[in-house]
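Trainee: Sequence:
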Amino acid sequence: MDSAAVTLLVAGPHLRVIAEDGSILRELTLDPARDQQVATPVSGSTSS
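Take the sequence shown: its letter number 33 is residue 33 in the UniProt record's numbering, and every next letter is one higher.
Worth double-checking, as some hints may not be accurate.
Stated by the list, open to error - Pair ranges (Cβ atoms, derived):
| hint | residue 1 | residue 2 | range |
| --- | --- | --- | --- |
| 1 | 2 | 32 | 27 to 35 Å |
| 2 | 10 | 38 | 12 to 20 Å |
| 3 | 2 | 33 | 30 to 38 Å |
| 4 | 27 | 5 | 12 to 20 Å |
Simulated from the structure, these hints should not be mistaken for laboratory data.
Keep in mind that this is a model prediction, so the values were computed, not measured.
Backbone N, C-alpha and C fix where the C-beta goes; we use that ideal spot for every residue, glycine too.
Using the sequences and the hints, build the whole thing.
Mentor: Here it is in C-alpha cells:
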C-alpha cells in the first residue's frame, strides 16, 4: 500500500482532505449525533 502525506482542514464538523499537490481528495461533514460515521468508498481506492 502506498502512503502519502495529506493535510486535513477542519472547520467545525466540515472536513477536507487535501493532497500534497493541493487537490481535494475528500470533503465530508461529521454528524455529531452519531458515534460512528458512515464511510463511503472513494473511486479507485483500495482497502485491506
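Trainee: Work down the list of hints and note, for each, if the structure agrees.
Mentor: Outcome of the hint check:
| no. | hint | in the structure |
| --- | --- | --- |
| 1 | 2 with 32: 27 to 35 Å | holds (33 Å) |
| 2 | 10 with 38: 12 to 20 Å | holds (18 Å) |
| 3 | 2 with 33: 30 to 38 Å | holds (35 Å) |
| 4 | 27 with 5: 12 to 20 Å | holds (18 Å) |
Violated hints: none; the structure is consistent with every hint.
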